[in-house]
Amino acid sequence: MSNTKTFVYINRKAPYGTVYALESLEVVLIGAAFEQNVKLVFMDDGVFQLTNAQDPEGIGMKNFSKTYAALGDYDINQIYIDQQSLDDRGLTIDDLQALVYEDEDDDWNEKSSIHLVNREQLSDIIDSADVLLNF
Amino acid sequence: MSNTKTFVYINRKAPYGTVYALESLEVVLIGAAFEQNVKLVFMDDGVFQLTNAQDPEGIGMKNFSKTYAALGDYDINQIYIDQQSLDDRGLTIDDLQALVYEDEDDDWNEKSSIHLVNREQLSDIIDSADVLLNF
Amino acid sequence: MSTLHTVNKSAFERNSLESCLSVCKADASVLLIEDAVVSALQGTSVSDQIKQATDKGIKVFALGEDIKARGLSEKPLMDQITLVDYSGFVKLTTENDRVQNWL
Amino acid sequence: MSTLHTVNKSAFERNSLESCLSVCKADASVLLIEDAVVSALQGTSVSDQIKQATDKGIKVFALGEDIKARGLSEKPLMDQITLVDYSGFVKLTTENDRVQNWL
Amino acid sequence: MKFTIQVNTGPYTHQASDSAYQFTRAAIDAGHDIHRIFFYHDGVNNATEYSVPPQDDRNLQQLWSSLAAEHNLDMIVCVAAAQRRGILDEGESKKNGKSGVNIAPGFQISGLGQLIEGGVQSDRLVVFGD
Amino acid sequence: MKFTIQVNTGPYTHQASDSAYQFTRAAIDAGHDIHRIFFYHDGVNNATEYSVPPQDDRNLQQLWSSLAAEHNLDMIVCVAAAQRRGILDEGESKKNGKSGVNIAPGFQISGLGQLIEGGVQSDRLVVFGD
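Protein chains in written order, with this note's numbering: chain V, 2 to 136; chain E, 2 to 136; chain G, 179 to 281; chain D, 179 to 281; chain S, 3 to 132; chain U, 3 to 132.
Treat the hints with care, as some may be off.
[As the list claims (entries may be wrong)] Mimicking PhoX-like on lysine-lysine, the simulated pairs with C-alpha atoms at most 20 angstroms apart in a straight line are: (1) K234(D) - K253(D); (2) K203(G) - K237(G); (3) K269(D) - K237(D); (4) K269(G) - K96(S); (5) K4(S) - K6(E); (6) K203(D) - K237(D); (7) K253(G) - K234(G); (8) K67(E) - K112(E); (9) K4(U) - K269(D); (10) K203(G) - K234(G); (11) K6(V) - K100(U); (12) K100(U) - K96(S); (13) K6(V) - K40(V); (14) K269(G) - K237(G); (15) K234(D) - K203(D); (16) K6(V) - K67(V); (17) K229(D) - K253(D); (18) K67(V) - K40(V); (19) K100(S) - K100(U); (20) K253(G) - K229(G); (21) K96(U) - K100(S); (22) K67(V) - K112(V); (23) K203(D) - K40(V).
The set of hints was computed from the structure by calculation and includes no laboratory data.
Note that the structure is predicted; figures quoted are calculated from it, not measured.
Build out the structure end to end from the sequences listed, making use of the hints.
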């Protein structure tokens, strides 16, 4: 385990307006092969990355939002969403995708990967990181 | 005069952090040859473009701020600075370069090109434009 | 002699909508495009800013294609905001006398 | 186990300094670089935000080279802010345990 | 009406280049005249013929080049911005001793004066950028 | 200490590329080890050998290439980002039927895994971007 580090991805931008959401997801998926301890944070406009019913056909782009649902299969199940960012934007957790994983330690029961957090908890998550990636 | 239009340049970014200030100035200087009616607005972080004593040697860039002093020679003498942007940033007009021109209609007396304006005056300037360029 | 203002950045992230509204005349139109469309949702921390503008007579629009892309087409938008598509965007640029793009 | 936060955008233009300070622990350090250095001036609309942070124990630094570039080296900076150069920047990254870059 | 469109960002990173493309198409569909499309700042990167986006993604350079061919559009890449960012036509490549040429069909390198001229000649200037 | 540096913006438009360069030099001067410099997003545009900035301006591509040569730096350009943005090495150029090669000396195209590996192997990851 000496080479296992905690990677924290901080996602702060809305999708489609910039490529960061998409290129962050590409890093997360590639990174999964390295079997590190991975946490994903969505805060500020980053919470829009997880909205239901994205449909960018009218702006000529492809919809990559379905890929988030696959994160659980890659053992990425520590997903933290900043409650205040939702509140400021008139969103609730029901506006976002329900991301789940199957818990191998609990008879493969399906569990939610999503944790709603406040800013104090976010600062704990940041301080738990060995490596912080920002998008 | 049928082909004379009013060009208003709105400068809203600090210099050096992005190239927009420099590339805006390049447009203004090239544009001078077209003998249009030109107005320059500095608002938001754009007011930092005109600070005295810029010295970007330590960040490896060249100092282009001296070029603003040449605007008067290109008959560009309608320069509007947003007072509220200065106030918000702890700046006064004395922190900025004194930009002047020689008034050919008044025995070539040297006059200030700079006008401090409020937001209401800014909206008049925007509405006086045929063409708005944003940097 | 009215002006169309476009804003393309989220008002939660940048000051461009605020700066735009501070210099809008009562006959101006404001069009939210790209990431700025997120500012059109009801009940956000920037709703009051937009309401104050529309109370003054300023018309505020949002680009439907960008709303839809971001998965917000079923969320209620502010009553004060009118949806347009790209052809409506083009029409707004012709119905006003000039375009001010807040980048 | 402290964190160094870097902020590179003007707090007058973006929300990144505000977001940063909202998740800073009392032992954190914040370094203002690039356009963010303009937030270090005295008597601005963001000075209170920075003062509240330093009152909590957070240390705030600004990169001298970027201050100088923008013509602000003779303007008074907030007393709470310490100037560093690039070698000081490197030192801050080693004295803290990790770096969080607010982009 | 006569439009000049200014594009300030490269493809993919910011949506501005996509927005400019969609707007231009809609303006053409509405019967308007596109006097010029001017690529400035990172916008010059729309003109690189070397880009190879994923198969299932849009190819902005090709979209621009096709639109230009179809509607005989005047697409100008600012020479100073192009030099800084590595967009070369035959002449610039030879002049600077570079090994290749990467400007795509339909794009032409010219000066900033073309932007001002676009503003003078057009009824509307619409700018897309970061 | 061992550093990995990530660069997210192209040269000239944003200062981030300059800042990353200055930081890297300062870290080397302080005796630290640069494990890798990883160019992602528009950062891949730092690697274009075709850029010709004005004589009195800095040439960021050359600064990076020289620094790499002098200190034997591992400078990696993300392959997916490079493909989208038109940065080609010999292999990519041939594979995609392009007419030239524009990657500058000292830069190498490789995968995103190199960024993660940098994070795993280094004591610090420092990111410069927009």
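Against the structure, the hints:
Taking the CA atoms of K234(D) and K253(D), the gap is about 25 angstroms. The hint is violated against a cut of 20 angstroms. Straight-line distance between C-alpha atoms of K203(G) and K237(G) comes to about 10 angstroms, which keeps the hinted pair within the 20 angstroms bound. Restraint check for K269(D) and K237(D): the C-alpha separation of about 14 angstroms stays at or below 20 angstroms, so the hint holds. Annotation: proposed proximity of K269(G) to K96(S) is violated, straight-line Cα distance about 44 angstroms (limit 20 angstroms).
Our distance criterion of 20 angstroms between C-alpha atoms is met by K4(S) and K6(E), whose separation comes to about 15 angstroms. For the hint pairing K203(D) with K237(D), the CA-to-CA distance comes to about 10 angstroms; that is within 20 angstroms, so the pair holds. Between the alpha carbons of K253(G) and K234(G) the distance comes to roughly 25 angstroms, so the proposed pair goes past 20 angstroms and is violated. Distance hint between K67(E) and K112(E) is fulfilled; the C-alpha atoms sit about 18 angstroms from each other, no more than 20 angstroms.
Our distance criterion of 20 angstroms between C-alpha atoms is met by K4(U) and K269(D), whose separation comes to about 13 angstroms. At most 20 angstroms may separate the alpha-carbon atoms for a hinted pair to count; K203(G) and K234(G) meet this at roughly 9 angstroms. The hinted pair formed by K6(V) and K100(U) fails the criterion: a straight-line CA distance of about 40 angstroms is larger than 20 angstroms. For the proposed pair K100(U) and K96(S), the alpha carbon gap of about 18 angstroms is at most 20 angstroms, so the pair holds.
The suggested pairing of K6(V) with K40(V) holds, with an alpha-carbon distance near 11 angstroms, which does not exceed 20 angstroms. A threshold of 20 angstroms between alpha carbons decides the hint, and for K269(G) with K237(G) the separation of about 14 angstroms falls inside it, so the pair holds. Restraint check for K234(D) and K203(D): the C-alpha separation of about 9 angstroms stays at or below 20 angstroms, so the hint holds. Restraint check for K6(V) and K67(V): not satisfied, since their Cα atoms lie roughly 27 angstroms apart, outside the 20 angstroms limit.
In summary, the hint linking K229(D) to K253(D) is supported, as the alpha carbons are separated by about 18 angstroms, within the 20 angstroms threshold. Only pairs whose Cα atoms come within 20 angstroms are accepted, and K67(V) paired with K40(V) is accepted, the gap being roughly 19 angstroms. For the hint linking K100(S) to K100(U), the alpha-carbon distance of about 16 angstroms falls within 20 angstroms, and the restraint holds. As the CA atoms of K253(G) and K229(G) are separated by approximately 18 angstroms, the hinted pair is consistent with the 20 angstroms bound.
This hinted pair checks out: K96(U) and K100(S) have alpha carbons roughly 18 angstroms apart, not beyond 20 angstroms. Note on K67(V) and K112(V): the hinted pairing holds, with a Cα-Cα distance of about 18 angstroms set against a maximum of 20 angstroms. Taken as a hint, the K203(D) and K40(V) pair is honoured in the structure, with Cα atoms around 19 angstroms apart against an allowance of 20 angstroms.
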